[in-house]
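K.L.:
Between the sequences and the hints, there should be enough to build the whole structure, so can you do that?
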Amino acid sequence: MGNILPKRGRWLLLFAAIFAIGLFAAACGDDDNSSSSKAAGSDKKVTIGFLYVGAVDDGGYNQAAYQGQKAVEKLPNVKVIKAENVPESAEAERVMEQMIQQGATIIFPTSFGHLDPAIKVGAKYPNVIFLHQGGLKTASNVGTYFGASWEANYLAGIAAGKVTKTNKLGYVVAFPISQTLLNINAFQLGAKSVNPAVTTTVVFTANWCDPAKISESVKNLKDQGVDVLNQHQDCPGAGIQAAEKAGIFSVGYHVDDSKLAPNGWLTAATWDWTKLFVDLVNQVRAGTYKVSQIRQSMADGVVKLAPFGKAVPKDVQDQITATQAKILAGTLQIFAGPIKDQSGKERIKAGEKQPEVTSLEQMDYLVEGVVGKIPQ
Amino acid sequence: MNFITAVSTGAVRAGTSVMYASLGEVVAERAGIINLGVEGCMLAGACAGYIATAETGSPYIGIVAAFAAGGLLATIHAFLVVTRGANQLASGLALMFLGLGLTAFFGRPYVKVQITPLKDYAIPGLADLPYVGPVLFEHDVLTYSVFPLAALLWWFVFRSRWGVMLRAVGESTESAFAAGLHPARIQYAAVAFGGALAGLGGAQISLAYTATWVENLTQGRGFIAVALVIFAMWNPLRAMAGALLFGGAVALQLQLQARGVGVSPFLLDMTPYLLTIVVLLVWAQRGRDAFPAGLNKVFRGTG
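Chains A and B supply the protein sequences, listed in that same order.
Heads up: the first sequence runs through residues 194 to 569, numbered per the numbering used here.
Heads up: the second sequence runs through residues 12 to 314, numbered per the numbering used here.
Honestly, the hints are just simulated from the structure, not real lab data.
Note that this is a predicted model, so its numbers are computed, not measured.
Watch out, some of these pointers could steer you wrong.
Calculated cross-link-like contacts (lysine to any residue; reagent style SDA-like; alpha-carbon spacing at most 25 angstroms) [what the hints assert, rightly or not]:
1) Lys566/A to Asn360/A
2) Lys438/A to Ala133/B
3) Lys130/B to Leu498/A
4) Lys385/A to Gln526/A
5) Lys123/B to Glu290/A
6) Lys452/A to Leu306/B
P.N.:
Now the structure itself:
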């Protein structure tokens, strides 16, 4: 075989390759969307960076945050830089520094594990504001925000507790962190509030998005008699399809996936970050933003309940709507005492009010009625 | 379903994709070429299969597309290492990233598109057998095909004339050339076929197992397949066993959790790698005998 190309041919090939790479890079450059409107141009131009752990069209967590980014893009004099598939490692630091070099003064690191990298980079660039999604600690220029998705999961639990025939619910969870534990616990508490016999079996997949593992988990849960599936995954689509195929009910997460399960869909806890993101950006620009741990709830509109599927009977829908009204009004507290963990130990004493959100987010146990252990 | 049947059924479901990829890599490595880009080929197959199915409505056309896409991507590797004499490890890793990037780019518009998945066919009569029925006879066509394929490849590698040629090239391209073979052609064919099988493995995930396309759908299964080839000592039947062990580890952790038994998914995820290390330790000498000598070097042209 050997040198099938003459010398000149090789050079041509090299140039062609360089040209192709250049073209590709130019095409990718489109990602740096900038948009400005002429309506209100009094503000100084601001550059904002968004980091995502996955793809922004994952049909889940990242897509929900991306909707917020799109709302921010519509603000006047805003330039947005986005980076997808940013691992929760030192790589995130590099991406953030690059954004700062491009002029970013506000950065949204949107994944749980982007917090430590953000704090590290923040120490180097005190004039940049970092707004982290879901973080449990802050720094002088790193604030966090999140929403109480467990409120919606409590309501989904009511639907699940009502429609289940086997009294066995299943929850396919990525990692055991306080936010996933809160969702599982609220779901079980909601189900138990209407069906004392109900249990929730938890399966951890140790991955934010591995559709094959999610599908396998759903089949295994179905084998054990589970007939309602809930998930805490970045990409819940595969699990919902697997549940539909197995002929069981499903609860979604992050976005409305009802079209994937025309028969078994119940509802979902979904995000609407648009208003919060816009508010935060406006506050930072106006100089009124103070670093804090912002925690919004259903009442603020950050967390919403997706439309019910036909599998949820009308009277159950009404009951959930009534319960939702109580949560919005603050008269129903999901984690008011007594709350017992799996061993029966009282973690929140009888008569105690629901702890503050920041202390709820330290949750490290599963409540009574949840089957399965937190992997160490 | 009893525990053993449930885990075995899960092992077959979860192991099939890795089995395809592993069988393909056995063939490529038997020709003396290691392809670390199996993951990229799996992704190419998963994505191309999904796109073709979404566009045509037929998952069978998707299977053909997956086979072609995996094979095409692997052909780039063959070109680089066989024709251009590039470093196999570097080229393989580049191929993995190329596959990841290309599929992320071309797959993007299809993330939200639903497809008609490959259906499970329960084989009448056999599916009702106790224990073995659900384990072996309630699957999709890609899963059914992989077991006869493993047997066929074993026959091909160890019992056929073609297999002798393949192994000769894998041991020493010079000797094979002297014996009148065309080492480069055989290596091209082996690497492309290996990539095509990896493509089918990817398609089993996107078309049958999950009916989903998301970026990086295969989540490192291509690397597990490469590790399993060493575990299998370049024997297709052992590769089948290895893939079932991998599938079994996945199924076991999920089945145990579904039964409420506390088990660490982190620990069980390491199983395939631990198995490979154990094999390297225990069977080091025998493994060395099975090792195609050609993997020690990069073959450069014979003129």
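K.L.:
So, for every hint listed, does it hold in this structure?
P.N.:
Evaluation of the provided hints:
1. Lys566/A to Asn360/A: OK: lysine 566/A and asparagine 360/A at ~19 angstroms, within 25 angstroms.
2. Lys438/A to Ala133/B: Status holds; Cα separation ~15 angstroms.
3. Lys130/B to Leu498/A: Distance of about 33 angstroms is beyond 25 angstroms: violated.
4. Lys385/A to Gln526/A: With a Cα-Cα distance of about 15 angstroms, the restraint between lysine 385/A and glutamine 526/A holds, given a limit of 25 angstroms.
5. Lys123/B to Glu290/A: Outside the cut-off at roughly 32 angstroms; violated.
6. Lys452/A to Leu306/B: 50 angstroms, violated
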